[in-house]
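Asker: Residue numbers (the working numbering), protein chains in the order written: chain A, 1 to 344; chain B, 1001 to 1344; chain C, 2001 to 2344; chain D, 3001 to 3344.
Careful: at least some of the hints might be erroneous.
These stretches of chain B come out as covered by chain A in the derived footprint (C-beta under 8 Å, 3 or more residues) [what the hints assert, rightly or not]:
#: 1; region: 1057 to 1063
#: 2; region: 1122 to 1128
#: 3; region: 1230 to 1239
Hint data in this document are derived by calculation from the structure and do not stem from the laboratory.
The beta-carbon is built from N, C-alpha and C at its ideal position, and this holds for glycine as well.
4 protein chains.
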Amino acid sequence: MQLGMIGLGRMGADMVRRLTKGAQQCIVYDVQAAAVDRLKQEGIAGASSLEDFVAQLTKPRAVWLMVPAAVVDATLDKLVPLLEPGDVVIDGGNSYYHDDIRRGQQLGARQLHYVDVGTSGGVAGRERGYCLMIGGEAEVVKRLEPIFSTLAPGTGTASATPGRTAGASTAEQGFLHCGPQGAGHFVKMVHNGIEYGLMAAYAEGLNVLRHADAGRQAREADAETSPLRRPELYQYDLNLADIAEVWRRGSVIGSWLLDLIAGSLAGDNELKGYAGRVSDSGEGRWTVAAAIDEGVPTPVLSAALFARFSSRGEADFANRVLSAMRHDFGGHAEKPAAPDGGKQ
Amino acid sequence: MQLGMIGLGRMGADMVRRLTKGAQQCIVYDVQAAAVDRLKQEGIAGASSLEDFVAQLTKPRAVWLMVPAAVVDATLDKLVPLLEPGDVVIDGGNSYYHDDIRRGQQLGARQLHYVDVGTSGGVAGRERGYCLMIGGEAEVVKRLEPIFSTLAPGTGTASATPGRTAGASTAEQGFLHCGPQGAGHFVKMVHNGIEYGLMAAYAEGLNVLRHADAGRQAREADAETSPLRRPELYQYDLNLADIAEVWRRGSVIGSWLLDLIAGSLAGDNELKGYAGRVSDSGEGRWTVAAAIDEGVPTPVLSAALFARFSSRGEADFANRVLSAMRHDFGGHAEKPAAPDGGKQ
Amino acid sequence: MQLGMIGLGRMGADMVRRLTKGAQQCIVYDVQAAAVDRLKQEGIAGASSLEDFVAQLTKPRAVWLMVPAAVVDATLDKLVPLLEPGDVVIDGGNSYYHDDIRRGQQLGARQLHYVDVGTSGGVAGRERGYCLMIGGEAEVVKRLEPIFSTLAPGTGTASATPGRTAGASTAEQGFLHCGPQGAGHFVKMVHNGIEYGLMAAYAEGLNVLRHADAGRQAREADAETSPLRRPELYQYDLNLADIAEVWRRGSVIGSWLLDLIAGSLAGDNELKGYAGRVSDSGEGRWTVAAAIDEGVPTPVLSAALFARFSSRGEADFANRVLSAMRHDFGGHAEKPAAPDGGKQ
Amino acid sequence: MQLGMIGLGRMGADMVRRLTKGAQQCIVYDVQAAAVDRLKQEGIAGASSLEDFVAQLTKPRAVWLMVPAAVVDATLDKLVPLLEPGDVVIDGGNSYYHDDIRRGQQLGARQLHYVDVGTSGGVAGRERGYCLMIGGEAEVVKRLEPIFSTLAPGTGTASATPGRTAGASTAEQGFLHCGPQGAGHFVKMVHNGIEYGLMAAYAEGLNVLRHADAGRQAREADAETSPLRRPELYQYDLNLADIAEVWRRGSVIGSWLLDLIAGSLAGDNELKGYAGRVSDSGEGRWTVAAAIDEGVPTPVLSAALFARFSSRGEADFANRVLSAMRHDFGGHAEKPAAPDGGKQ
């Protein structure tokens, strides 16, 4: 079927390519003409303006937005007046589901349909396919199935789950209508919250392995330093790249994230190319906020989130408060960092 | 090559079967004669006593222990006097690496070799192969490679890691000599620590999804209850089985654990067969203890561990202390559980 | 000066008593006539209706609301139309500061002043005085100082802080103008978030002390149970009531909360009167939500919050997910609770 | 009564002064002659060698060690051969209770008594008195009561706990015989574990207050940064020194630690004198390790401990692993720190 795509960044452009390869027809538009031209050179129909874009689409239109969450509303402000009752707008970016609910109501008042799609897959998605979590009206989602099934990885990309009735749901193909508007981004939000937790679990474990030689490091013996009681237990020099690799086969902790870690460590066992200032792009925060609203405990997901904040220096004032207290009740002076910075 | 296996429980028996299928020769022994008989009926050589077992093995002997960690020392007490210099004892169970270091020294004093092997794979290992993390002397580990390579999943069971030099390490086959004695169980310990964190991340996220209908639950409005400010944001009835399934294809959080979750939820979306008292078998505790010794922060791994303790009621007294304080400073009475127990 | 008080529950009535004792004039009103009558019998002026109440107050009026957060808006809906430009409304309850900002704007549009006061002190406040955290316009707050200084504990109730210039701020008397509207409840919110963390720290520590006899408890030796390696280190029967008491003098962890704990434990070392279902009334949640908005890590405050959720069974589904995974990868059956429930 | 004191650092010297002022007789010794001389000039009897020290003491001797935990064993090696059956050695430092149990057995074999005393009070203890948590044989502890009661703050330093029978225990004076050898340091260990949690609760809360102006900070709008959805809610410039001060009177979170915080902030609202590298001296680690042994959840105490590790850069490698994963699955580049470092 036909789909109009607005937003031709890394994700949007690759999705168009995957759709085109899968025999779907795409019309593309981007505020940057160069991005449109690149896809035109690949034989894909492009539009020179939003008006041109809308005009090229067959009614009822299906328009997919793949733009930064921060500009979705501004894009809708321009797009919506050009659309007609029955048209569908799909937000495939990383919107907060609160916004989906609001937008669904706003567009619905104009008899436009709004569908939110949480999209996972990252830069590998063009080849592997994208995992799609979808919210919106059932009939509208149904109508878009050719698009979803082309973007999704497809049934064969994972073994059948024992106990599931084959074909009972599109979930086995890699896309799922999760519920009404917002449900797609709600599920994607929690997906990312889980992702933070998984990533932190690997990162912490690898850090424990990296310091398995702690017994070899000279440690100062003073009242400010807790001595290592049995240094003979921490004498291992472990090869993290090989360990990540060995876990990829047969272990309980095998995963796609582990595959990526193995690749990173194969390139540099020390990961010297990174400073360790870890960004977060919202979904982890929203997951914990939702958990708090629901009264559901998420100690692991929140610990993973806060570790990212701390990696960016956001605990610094709290730490100064701690040092001040230690000074005041115990006369403890702060210890400077070791001259060589220690092993980190 | 030839291997003697002591301990024919689920894991030991399956490893013998995989080795035999892989053309290695096994001699088996267990304190329970019935366990030996079962494998004999499959055509595998069995021994009726430890003496008989040792006598059947070709020198230098290779003996693999696959017994509960709690009986390794007792087994060694009986086995070691029967062995001769140059023989190798392999502990493939879940021993604490502290014990490996001690045993390595004790056996070394008798010119026996000790190898520790952390084994991951669970009940699926017979077919998938076992991920093996190995500690011990390099020459001895080298000598046992035919055994390890037969037990391990093999190179083809995962795609090649970009950036790795093929064949540079046995890690690509699924087994790895990690370092001196104890290193195998150290790496396996951290592997399990990570496993706790991964499991908790999925479990917490699914719990958030499960309560996405919180806005539909009646919530009492009193000073003891925090009201849900925007119930319209929590009106989703999500199908967890389908969501776990859809994540298996193309998403960033795909993993073997997720495959298992999808299977469990396919059987029962509510998991009513479980009470939620979660055991821990030691490695998660040891991982956090090692992190503390090393001075490495593991907020996620420890939160996962403590959630298990709490699931077994171990926070109860602490919670009573909290309720007592609330009563005393604010006059707050404890609220009883809702008559229907709420949605859990 | 004169103050009208609406809401004569435990807190409101005691505040009126403290004000009256401090020579301030109070007019009181409550939807429950009996509550008004009780204070009338103590010689305090009461009103029989909201109209009567407003009529008795001298202009510009000062009206303090001490009602549940959930009914503040409904109360304002009835009260505001009766007021006149220049009148002041003070919300002394546990409102969310978001609501203060909104209400401040709404009342401001009618030339009414809105002041938010976070009030700490609990049932002991009538005697000890109340700690008041205040948000609103500076001149209006200034005008109300006689009320605040009477409610507050006063300078003499704590020793002077070394390094502070005496009299530089009303903080030394126990009340503080923190900033514009909402600032009072913002500071009170964080105050309570800290309170959750403090309470949890004591509760967890006492739980560790209570289980110092773990080496005496029989522990099953099976693959589902992590054995205690050195039971001889956990042979203590500690008297928690005495320990809480001894910490009250000279120790670094002395506090008012500890005083309360000592009292509770003096009454019952086991705290058998409590089930350990710990409520939370909102501020702890809001504090963590604010921290997430700000990007500030609060691992301790959130762990304390989530422990309360878990105490009410809200982790149950997550725990069932964990047990299901353990069953599926390792064949582990869930262990039932010990017949006697263990020591909790 | 008479007490010999070995170790005249800040703590030891001040304890001697308090004892002397309380009419107890002290003989002092330190490896640094200058430390002995200082006290001699205050009229206290000093010894020039360990032999001289022992000779000056009346039998049965009572010797208090106030030396760093790391040198207690070395000191005992020299002291013990000079002692005679019936003599008592008291370790008042920060020993691990495991060591107390071992030393108690070693000294017991020579008919010497060993008493462990956990001492809280810090630099303020000379004036306020010391909170003493004591382990050892009951008769021996009883014999030393004049010493303990002189060092302790005394009954009058806190109000009576409602519900306690006055005089039922020495706890009300500020010292307590907690149990057999090691019990004193066990209780002190948990005391410090709680202290870490309390300190972190205040520090995190103050950090949330400090960033209450987050809505005023320019925040970049890109895919790596989670935008602040409602900046109008974070427009407060809060005076932390005044807030800490106001909480000291009447609030639920009043404590000695808060008194110290108020003092620090009065000196410098920004705490610029500290870098925020927070040391830990062992007890926090041991508390969490004990909790793990006991199977008791301590999410708050461990989060506080790990925040200290992170403050010293010990999470850096874990953070680099996270950044590497983000790069590999999403193409995310690490964001550098803001030129001005942001507000921390």
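Asker: Taking the hints in turn, state whether each one holds.
Answerer: Verification of the hints:
1. Check result for the region 1057 to 1063 of chain B against chain A: violated, 0 residues qualifying (beta carbon to beta carbon below 8 Å, three or more required).
2. Taking a C-beta to C-beta cut-off of 8 Å, the region 1122 to 1128 of chain B contributes 3 residues in contact with chain A, enough for the three needed, and the coverage statement holds.
3. A count of 9 residues in the region 1230 to 1239 of chain B with a Cβ less than 8 Å from any Cβ of chain A is obtained; the coverage claim is therefore met, three being the minimum.
Violated hint for the displayed structure: number 1, the only one.
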